[in-house]
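Trainee: Produce the complete structure using the sequences and hints provided.
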Amino acid sequence: MRPEFDYQPPDVPLDILYQDDLVLVANKPAGLLSVPGKLEGRADCLISRLQAAQWNTLLVHRLDCDTSGVMIFAKTKPAQGFLGQEFEQRRAKKTYVARVAGEIVGDAGHVDLPLCADWPNRPRQMVSHEHGRPAQTDWQVIGRASGETRVRLFPKTGRSHQLRVHMLALGHPILGDPIYATGAATDYPRLMLHAETLGLHHPGTGAWVEFTAPCPF
Numbered sequence: 001m002r003p004e005f006d007y008q009p010p011d012v013p014l015d016i017l018y019q020d021d022l023v024l025v026a027n028k029p030a031g032l033l034s035v036p037g038k039l040e041g042r043a044d045c046l047i048s049r050l051q052a053a054q055w056n057t058l059l060v061h062r063l064d065c066d067t068s069g070v071m072i073f074a075k076t077k078p079a080q081g082f083l084g085q086e087f088e089q090r091r092a093k094k095t096y097v098a099r100v101a102g103e104i105v106g107d108a109g110h111v112d113l114p115l116c117a118d119w120p121n122r123p124r125q126m127v128s129h130e131h132g133r134p135a136q137t138d139w140q141v142i143g144r145a146s147g148e149t150r151v152r153l154f155p156k157t158g159r160s161h162q163l164r165v166h167m168l169a170l171g172h173p174i175l176g177d178p179i180y181a182t183g184a185a186t187d188y189p190r191l192m193l194h195a196e197t198l199g200l201h202h203p204g205t206g207a208w209v210e211f212t213a214p215c216p217f
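Under UniProt numbering, the first residue of the sequence shown carries the number 1, and numbering increases by one thereafter.
It should be emphasised that the hints constitute simulated quantities derived from the structure, not laboratory data. Heads up, some of the hints might be wrong.
[As the list claims (entries may be wrong)] 25 Å max Cα-Cα, derived DSS-like pairs, lysine-lysine: (1) Lys38 / Lys93; (2) Lys75 / Lys93; (3) Lys93 / Lys77.
[Claimed, not checked] Pair ranges (Cβ atoms, derived): (4) Gln85 / Val35: 14 to 24 Å; (5) Trp55 / Trp119: 30 to 40 Å; (6) Gly109 / Gly204: 32 to 42 Å; (7) Val35 / Tyr188: 22 to 32 Å; (8) Tyr188 / Gly81: 36 to 46 Å.
In this text the structure is predicted, and so the values were computed from the model without any measurement. C-beta: ideal position from N, C-alpha, C; glycine also.
Mentor: Listed below in structure tokens is the structure:
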């Protein structure tokens with residue numbers, strides 16, 4: 001977390017999208033950590049709220065605090081291991097919706113820029129062809145308005161802040177981004193990035209399942 005970050009998690013009820021004996025899928029609100037933060041006063045998070053309701057909830061992956069949308073959790077250790085492999089082996093497919101600054105030229109594209117931590121300015125990440133790990137994102141325009149573009153993003157890898165840095169690299173930072181946006185692009189109540197869909201294989205049946213959280217902006 002950025003040092004100056006004033007953590008004020010939203011006081012909203014849990015939004016459970018789906019659950020069965022092995023998995024639980026929730027819609028994480030923007031402004032709520034996925035897991036407890038390291039600093040004092042950051043214990044409140046989605047997994048702690050879920051575990052208060054269902055003690056056996058286990059972490060599989062994370063979303064940035066500022067990002068909303070679909071997260072899947074496991075209810076057993078074997079299910080957690082199975083789902084972890086879905087992400088690690090890149091079998092899980094994710095789509096995001098974002099509003100970005102400026103009007104993007106073209107209707108679709110691909111970003112292939114390696115990323116690494118910007119250590120002196122943590123938690124910022126940066127493009128680095130020398131030290132970065134491979135990172136790829138596909139993008140598609142789904143709407144245009146004056147001074148901004150609505151895009152659907154398809155990350156092929158899962159690097160920290162990948163979508164935020166890739167959009168910045170294109171010259172179109174995500175609106176409301178407290179880390180990467182500047183000027184008027186910061187004048188929004190939240191980061192305009194939402195994890196819209198998640199598809200993967202179910203740990204019990206092996207069948208392909210998809211979950212959706214409607215975009216709130």
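Trainee: Compare the structure with each hint and give your call.
Mentor: Now for the hints, and whether the structure bears them out:
no.	hint	result
1	Lys38 / Lys93	violated, 29 Å
2	Lys75 / Lys93	holds, 21 Å
3	Lys93 / Lys77	holds, 22 Å
4	Gln85 / Val35: 14 to 24 Å	holds, 20 Å
5	Trp55 / Trp119: 30 to 40 Å	holds, 37 Å
6	Gly109 / Gly204: 32 to 42 Å	holds, 38 Å
7	Val35 / Tyr188: 22 to 32 Å	holds, 25 Å
8	Tyr188 / Gly81: 36 to 46 Å	holds, 38 Å
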